[in-house]
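Chains Z and R are the protein sequences, given in the same order. The opening position of the first sequence corresponds to residue 1 in my numbering, with each subsequent residue numbered one higher. The opening position of the second sequence corresponds to residue 1 in my numbering, with each subsequent residue numbered one higher.
Don't take every hint at face value.
[What the hints assert, rightly or not] To give a feel for the contact side, a few chain Z residues facing chain R, derived at Cβ under 10 Å:
| # | residue |
| --- | --- |
| 1 | Ser7 |
| 2 | Gln37 |
| 3 | Leu81 |
| 4 | Phe105 |
[Stated by the list, open to error] Distance windows between CB atoms, simulated:
| # | chain 1 | residue 1 | chain 2 | residue 2 | range |
| --- | --- | --- | --- | --- | --- |
| 5 | R | Tyr39 | Z | Asn71 | 37 to 45 Å |
| 6 | Z | Ala38 | R | Glu8 | 29 to 37 Å |
| 7 | Z | Arg57 | R | Pro7 | 43 to 51 Å |
| 8 | R | Glu15 | Z | Leu83 | 27 to 35 Å |
| 9 | R | Asn68 | Z | Gln41 | 48 to 56 Å |
| 10 | Z | Thr102 | R | Glu8 | 31 to 39 Å |
To be clear, the hints were calculated from the coordinates, so they are not data collected in a lab. Cβ atoms here follow ideal geometry from the backbone N, Cα and C, with glycine treated the same way.
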Amino acid sequence: ETGVTQSPTHLIKTRGQQVTLRCSSQSGHNTVSWYQQALGQGPQFIFQYYREEENGRGNFPPRFSGLQFPNYSSELNVNALELDDSALYLCASSLFLQGEETQYFGPGTRLLVL
Amino acid sequence: AQSVAQPEDQVNVAEGNPLTVKCTYSVSGNPYLFWYVQYPNRGLQFLLKYITGDNLVKGSYGFEAEFNKSQTSFHLKKPSALVSDSALYFCAVRDSTGGFKTIFGAGTRLFVKA
């Protein structure tokens, strides 16, 4: 096990709703990244938080937002859900060094948007 | 721009035979390269990484990978496959020039037949 947990494991929402996904990082890890993994694809980078501030973002619209807290937990918020948001959402925690650090992934939250 | 290609959707190998899962990459600076494995309904598990140094990297569960700068490849290998190695394998790259973003390949499904 990686020591990274995510909740909930599964979630069903309808189009237009808002959702919050949660992640608990490994103790001491100052960086968390969020990924979207659509069915049959590799994980796509959404954004990264370092010491509670966003320090990088992939090609995702602003309705994808996040928070990182001092207690090593974090959230991914998605507003105005669309059908294409259906995917497995993964968080990964790491201790930021110079980019070579290993990321430890949680089991993911599977989101279905109807 | 960074990119990763895994040219094979699926690799089939008999138990006890050597296996190779291919990966090629493109980055502007020096690459940080990673291999992860994903089992059904699980998050990604770290196998190994290349940062610098010896081109042959050894990782978990008997896996190793060979970094080839001239061919921009980072193929995953194992001398003797096990049925339990059957899973989805992802190659990932990060750019050493200050990049925070990890790019994943689309994944290769490994099927080991008893």
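> Taking 37 to 45 Å as the hint, is the beta-carbon distance of Tyr39 (chain R) and Asn71 (chain Z) inside that range?
Replying inline: violated, 29 Å
>> For the hint 48 to 56 Å, verify it against the beta carbon of Asn68 (chain R) and that of Gln41 (chain Z).
In response: Violated, at about 26 Å.
> Close enough to count: is the Cβ of Ser7 (chain Z) nearer than 10 Å to one in chain R?
Replying inline: Violated, about 13 Å.
>> Checking hints one by one. Is Phe105 (chain Z) an interface residue toward chain R, by the C-beta closer than 10 Å rule?
In response: holds, 4 Å
> Between Glu15 (chain R) and Leu83 (chain Z), is the Cβ distance one that fits in 27 to 35 Å?
Replying inline: violated, 41 Å
>> Hint validation: Gln37 (chain Z) versus chain R, beta carbon distance must be below 10 Å. Holds or violated?
In response: This interface hint holds because 8 Å falls under the 10 Å limit.
>> Verify the CB-CB distance for Arg57 (chain Z) and Pro7 (chain R) against the hinted window 43 to 51 Å.
In response: Given range 43 to 51 Å: violated, Cβ gap about 29 Å.
> Hey, does the Leu81 (chain Z) contact hint survive, CB to chain R under 10 Å?
Replying inline: Because about 22 Å separates Leu81 (chain Z) from the closest Cβ in chain R, which is outside the 10 Å limit, the hint is violated.
> Between Thr102 (chain Z) and Glu8 (chain R), does the C-beta distance stay in 31 to 39 Å?
Replying inline: This hint is violated: roughly 25 Å between Cβ atoms.
> Can the suggested window of 29 to 37 Å be confirmed for the beta-carbon pair Ala38 (chain Z) and Glu8 (chain R)?
Replying inline: violated, 20 Å
Of the numbered hints listed earlier, those contradicted by the structure are 1, 3, 5, 6, 7, 8, 9 and 10.
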